[in-house]
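Visitor: Okay, here's what each chain looks like letter by letter:
Protein chains: 2
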Amino acid sequence: MNEYCLAVYRIYDDKADFHKKAEGIAVGLTVGSWTDLPEARKEEMQKHLGRVVSVDIYDEAGTERYADIAIAYPDVNFSRDIPALLVTVFGKLSMDGKVKLMDLKFSQRFMSAFNGPKFGLPGVRKLLGVQDRPLLMSIFKSVIGHDLEALQEQFYQQALGGVDLIKDDEILFENPLTPIERRVEACMKAARLAEQETGQKLLYAVNLTGPTSNLAAQAKKAIDAGANALLFNVLAYGFDTLHELASNPEISVPIAAHPAMAGAMYPSPHYGISAKVLLGKLMRLAGADLVLFPSPYGSVVMPKDENLAIREVLLTEDVPNNYLFSLSAVPSAELHLKPSVPVPSAGIHPGLVPWIIRDFGTDVVVNAGGGVHGHPMGAAAGGRAFRQAIDAVLSSMTLTTYAEQPQNAELAAAIQAWGVKQ
Amino acid sequence: MNEYCLAVYRIYDDKADFHKKAEGIAVGLTVGSWTDLPEARKEEMQKHLGRVVSVDIYDEAGTERYADIAIAYPDVNFSRDIPALLVTVFGKLSMDGKVKLMDLKFSQRFMSAFNGPKFGLPGVRKLLGVQDRPLLMSIFKSVIGHDLEALQEQFYQQALGGVDLIKDDEILFENPLTPIERRVEACMKAARLAEQETGQKLLYAVNLTGPTSNLAAQAKKAIDAGANALLFNVLAYGFDTLHELASNPEISVPIAAHPAMAGAMYPSPHYGISAKVLLGKLMRLAGADLVLFPSPYGSVVMPKDENLAIREVLLTEDVPNNYLFSLSAVPSAELHLKPSVPVPSAGIHPGLVPWIIRDFGTDVVVNAGGGVHGHPMGAAAGGRAFRQAIDAVLSSMTLTTYAEQPQNAELAAAIQAWGVKQ
Numbered sequence: 014m015n016e017y018c019l020a021v022y023r024i025y026d027d028k029a030d031f032h033k034k035a036e037g038i039a040v041g042l043t044v045g046s047w048t049d050l051p052e053a054r055k056e057e058m059q060k061h062l063g064r065v066v067s068v069d070i071y072d073e074a075g076t077e078r079y080a081d082i083a084i085a086y087p088d089v090n091f092s093r094d095i096p097a098l099l100v101t102v103f104g105k106l107s108m109d110g111k112v113k114l115m116d117l118k119f120s121q122r123f124m125s126a127f128n129g130p131k132f133g134l135p136g137v138r139k140l141l142g143v144q145d146r147p148l149l150m151s152i153f154k155s156v157i158g159h160d161l162e163a164l165q166e167q168f169y170q171q172a173l174g175g176v177d178l179i180k181d182d183e184i185l186f187e188n189p190l191t192p193i194e195r196r197v198e199a200c201m202k203a204a205r206l207a208e209q210e211t212g213q214k215l216l217y218a219v220n221l222t223g224p225t226s227n228l229a230a231q232a233k234k235a236i237d238a239g240a241n242a243l244l245f246n247v248l249a250y251g252f253d254t255l256h257e258l259a260s261n262p263e264i265s266v267p268i269a270a271h272p273a274m275a276g277a278m279y280p281s282p283h284y285g286i287s288a289k290v291l292l293g294k295l296m297r298l299a300g301a302d303l304v305l306f307p308s309p310y311g312s313v314v315m316p317k318d319e320n321l322a323i324r325e326v327l328l329t330e331d332v333p334n335n336y337l338f339s340l341s342a343v344p345s346a347e348l349h350l351k352p353s354v355p356v357p358s359a360g361i362h363p364g365l366v367p368w369i370i371r372d373f374g375t376d377v378v379v380n381a382g383g384g385v386h387g388h389p390m391g392a393a394a395g396g397r398a399f400r401q402a403i404d405a406v407l408s409s410m411t412l413t414t415y416a417e418q419p420q421n422a423e424l425a426a427a428i429q430a431w432g433v434k435q
Numbered sequence: 014m015n016e017y018c019l020a021v022y023r024i025y026d027d028k029a030d031f032h033k034k035a036e037g038i039a040v041g042l043t044v045g046s047w048t049d050l051p052e053a054r055k056e057e058m059q060k061h062l063g064r065v066v067s068v069d070i071y072d073e074a075g076t077e078r079y080a081d082i083a084i085a086y087p088d089v090n091f092s093r094d095i096p097a098l099l100v101t102v103f104g105k106l107s108m109d110g111k112v113k114l115m116d117l118k119f120s121q122r123f124m125s126a127f128n129g130p131k132f133g134l135p136g137v138r139k140l141l142g143v144q145d146r147p148l149l150m151s152i153f154k155s156v157i158g159h160d161l162e163a164l165q166e167q168f169y170q171q172a173l174g175g176v177d178l179i180k181d182d183e184i185l186f187e188n189p190l191t192p193i194e195r196r197v198e199a200c201m202k203a204a205r206l207a208e209q210e211t212g213q214k215l216l217y218a219v220n221l222t223g224p225t226s227n228l229a230a231q232a233k234k235a236i237d238a239g240a241n242a243l244l245f246n247v248l249a250y251g252f253d254t255l256h257e258l259a260s261n262p263e264i265s266v267p268i269a270a271h272p273a274m275a276g277a278m279y280p281s282p283h284y285g286i287s288a289k290v291l292l293g294k295l296m297r298l299a300g301a302d303l304v305l306f307p308s309p310y311g312s313v314v315m316p317k318d319e320n321l322a323i324r325e326v327l328l329t330e331d332v333p334n335n336y337l338f339s340l341s342a343v344p345s346a347e348l349h350l351k352p353s354v355p356v357p358s359a360g361i362h363p364g365l366v367p368w369i370i371r372d373f374g375t376d377v378v379v380n381a382g383g384g385v386h387g388h389p390m391g392a393a394a395g396g397r398a399f400r401q402a403i404d405a406v407l408s409s410m411t412l413t414t415y416a417e418q419p420q421n422a423e424l425a426a427a428i429q430a431w432g433v434k435q
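These protein sequences, in sequence, are chains U and Z.
All you need for our numbering is the position in the first sequence, starting with 1, plus 13.
All you need for our numbering is the position in the second sequence, starting with 1, plus 13.
Each hint should be verified, as a subset may be incorrect.
A pair holds if it fits inside one copy or across any two, identical chains being indistinguishable in the list.
Simulated crosslink set (DSS-like; lysine-lysine; CA at most 30 Å straight-line) [stated by the list, open to error]:
(1) Lys-233 / Lys-351
(2) Lys-118 / Lys-154
(3) Lys-214 / Lys-33
(4) Lys-131 / Lys-351
(5) Lys-214 / Lys-118
(6) Lys-434 / Lys-33
(7) Lys-60 / Lys-154
(8) Lys-317 / Lys-55
(9) Lys-111 / Lys-28
(10) Lys-55 / Lys-154
(11) Lys-317 / Lys-111
(12) Lys-434 / Lys-111
(13) Lys-202 / Lys-434
(14) Lys-34 / Lys-434
(15) Lys-434 / Lys-55
(16) Lys-154 / Lys-317
(17) Lys-234 / Lys-202
(18) Lys-202 / Lys-55
(19) Lys-317 / Lys-33
(20) Lys-28 / Lys-434
(21) Lys-233 / Lys-154
(22) Lys-154 / Lys-33
(23) Lys-28 / Lys-234
Keep in mind that the hints were calculated from the coordinates and are not lab data.
One chain only, chain U, in its complex shape (with noise of 0.2 Å):
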């Protein structure tokens, strides 16, 4: 029987014919052509031919000319990897004019091969034990250059805070003063002192960098020394490596993906791939535990509609959802991978977690660099604000009421160094 993969492509253009182009795509990425086959031929490929679903023109005047095509792909065209998919429907056809690939479904087939994230929303928050509210993680800041020591007392004050993840900063690798497993042990022997303090578990994602042939490895030698999760840059390797790694039953720790070099292929109107399917869809299909992306508030901003459209994949949509040209199969329970922890990133501050919350929901990573370690009583205090935030937020007080309890002196110097946004 056949099954497709769907793809939605938003094509500008000031006159084409747009069902023409979409047939042209339908064909030209499939059977290569179609109206000089003979009859008996065409019998034989009709389970090869794309069919355009749907073609939605926006033609008004003042605004640029384009259409939504929407065009189907039998998956018998191609192996059940992400690199197959992509070349498929977004190869040759990115080269194309002002094309951008705006969404995907994957037919139960092609996800068949996808188990998904391995630890998920639910796993990481019983790593974490930690059922009920948003997460709060921290990132490492200045530690290019930096010895062990160093990162070791920059570890403990973050962890000190309250926080329930620490992230590597993404662009620190394999280096003589901080190589990786040694990051991980000086790391790991912080996160259990500052436990004894706090009595709260931590995840460490530690950066996992170097030749892609030895990242497996190299996530284990971090694993034998005690690292229980990892960072990994998905789009500067693919996301077939992701793939790769979250499908190792030996890689036994959740993987956070760092949306390094998204920007080059999301931001424009007119090319590249919507951030929804970047960073939400394939990150999921190929197995991100948590992922982040820009947020809508600091300065490295993603619209508003983005993010949430992000979330939503990663989170709570049947995602990524099952396109069924015919009608004859439903998907079944056992394809619906675990959602992702969303992570939306820059610029958040301790006044911002409202916004978060009321945005995201409580299924939400809290996710602060400067808003951690710029508090002016110092990276401890910086996360005890946040989680005073969040506190705050969940029993339905406003902040600034309160940062006015003695307890909670750490939130009201955050509100007094970065304001509360309304």
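Fit chain Z to the supplied structure of chain U, relying on the hints for placement.
Guide: Showing chain Z alone in chain U's frame:
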């Protein structure tokens, strides 16, 4: 001693202080902060600090305000691999407003980890025994759903026309009808049969696909079956994977890099990575022996200046060229990488050959799909028409004059079908 890799960005902003912005990048993407550091620490950290090399501001009425900003990054900050370099210079920055990575230059030390193309232009010419003329490549058409016999016949017809290289369709993946080793056997048999007719050697670039960790094994399987070249969708896997394949001594055949997905990154003026870097410098650095890219002639077009910039960095410049921030070191000869062969593709018919040679010189592959298969007298005649067009140009004759000779009927028919570009 400090060595630096250089990144040049084009940043659009109506009113930014570009000098301040450049300083922010140089510090933010290296040591993180600078002015706050104690003097003693500054001395230690000096070697990790990024430097602003130049800021050229373009601010003219009626055009968008932008600046070209060059930043030098100390190569001690990252490991000697392309993911580390790209994540450093364009990881987070790619998401920070309208910014495009325009150029990259590599330090001698960074380049020491790269051997570049194993064959390159001289190696490919030697394998084919063709020194003095442009090479001719033909592309399989409409091969999805076809069996080995059909492929073999199509291959044979193309080969009879005197083409030097035949490439798989980049959307042909592992499939039960034509698995890679059977495809290679069938096509190489056709190549030998054709060689008995034409006396000419031929490279078949078979499409290397599937899971990342299996690519090397898959390549070896193809080579064991007789493959004498590979086609690879580099951007679907990442440059590091190409680098690893090209560095693998067991992969003893040239690799042709396909530009699938490149259109997600190079065409926007505001975002992404320039074609020169994406399809030029990084491809050569990573070891592509041949590089396909959209020609300036066909339907999938790229502006001619971008085409020529790719050509230059693949072929003639001492590229990827060393950038030394200090003047105390001179590039050593052994770091020079072999040139990669430029393959401008799409929309090529024999009437364009004079333009291709005028624009690209003779160190180029003339690459045709429809221009071979769509020839009124068939694919073998299509190849011959191209070879005749090449001969005409090298004999300093016009195509029309050359086509008047009775032995060049194929060229005459091609001209009748597609014309001669004036």
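Visitor: Decide, hint by hint, whether the structure agrees.
Guide: Here's how the hints hold up against the structure:
For the identical chains of this complex, Lys-233 and Lys-351 are intra-copy neighbours only, at 23 Å inside a copy versus 36 Å across copies, given an alpha-carbon limit of 30 Å. In this assembly of identical chains, Lys-118 and Lys-154 lie within 30 Å of each other by CA distance solely across copies; the values are 27 Å between and 38 Å within a copy. Taking the shortest Cα distances, Lys-214 and Lys-33 never come within 30 Å of each other, neither inside one copy (58 Å) nor across copies (41 Å). Within a single copy, Lys-131 and Lys-351 get their C-alpha atoms as close as 8 Å, which meets the 30 Å cut-off; across copies the closest is 43 Å, which misses it.
In this assembly of identical chains, the alpha carbons of Lys-214 and Lys-118 never lie at most 30 Å apart, being 37 Å within a copy and 44 Å across copies at closest. Proximity of Lys-434 and Lys-33 under a CA criterion of 30 Å is satisfied inter-copy only: 27 Å between copies versus 49 Å inside one chain copy. When the C-alpha separation of Lys-60 and Lys-154 is checked against a cutoff of 30 Å, the pair qualifies only between copies, where the shortest distance is 18 Å, while the shortest distance within a copy is 54 Å. Proximity of Lys-317 and Lys-55 under a CA criterion of 30 Å is satisfied in neither setting, with 46 Å inside one chain copy and 40 Å between copies.
Taking CA atoms no more than 30 Å apart as the test, Lys-111 paired with Lys-28 passes in both settings, with 13 Å inside one copy and 28 Å between copies. With identical chains, the CA atoms of Lys-55 and Lys-154 are at most 30 Å apart between copies only, with a shortest distance of 16 Å across copies and 61 Å within one. Taking CA atoms no more than 30 Å apart as the test, Lys-317 paired with Lys-111 passes in both settings, with 24 Å inside one copy and 18 Å between copies. For a Cα distance limit of 30 Å, the shortest separation of Lys-434 from Lys-111 across copies, 26 Å, qualifies, whereas the shortest one inside one copy, 38 Å, does not.
For the homomeric pair Lys-202 and Lys-434, neither the shortest alpha-carbon distance inside one copy (37 Å) nor that between copies (71 Å) is at most 30 Å. Taking the shortest alpha-carbon separations for Lys-34 and Lys-434, only the inter-copy value of 25 Å comes in at or below 30 Å, while the best intra-copy value is 47 Å. Proximity of Lys-434 to Lys-55 under the C-alpha cut-off of 30 Å is found in neither arrangement, the shortest distances being 62 Å within a copy and 36 Å between copies. Proximity of Lys-154 and Lys-317 under a CA criterion of 30 Å is satisfied intra-copy only: 26 Å inside one chain copy versus 43 Å between copies.
Taking the shortest alpha-carbon separations for Lys-234 and Lys-202, only the intra-copy value of 17 Å comes in at or below 30 Å, while the best inter-copy value is 47 Å. Taking CA atoms no more than 30 Å apart as the test, Lys-202 paired with Lys-55 passes between copies only; the shortest distance there is 29 Å, against 66 Å inside one copy. Taking identical chains as interchangeable, the C-alpha atoms of Lys-317 and Lys-33 lie at most 30 Å apart only when they sit on different chains, with a minimum of 28 Å there against 34 Å within one chain. Taking identical chains as interchangeable, the C-alpha atoms of Lys-28 and Lys-434 lie at most 30 Å apart only when they sit on different chains, with a minimum of 25 Å there against 45 Å within one chain.
In the homo-oligomer, the alpha carbons of Lys-233 and Lys-154 lie at most 30 Å apart inside one protomer (25 Å), although the nearest pairing across protomers, at 44 Å, exceeds that limit. With identical chains, the CA atoms of Lys-154 and Lys-33 are at most 30 Å apart between copies only, with a shortest distance of 20 Å across copies and 53 Å within one. Taking CA atoms no more than 30 Å apart as the test, Lys-28 paired with Lys-234 passes in neither setting, with 57 Å inside one copy and 48 Å between copies.
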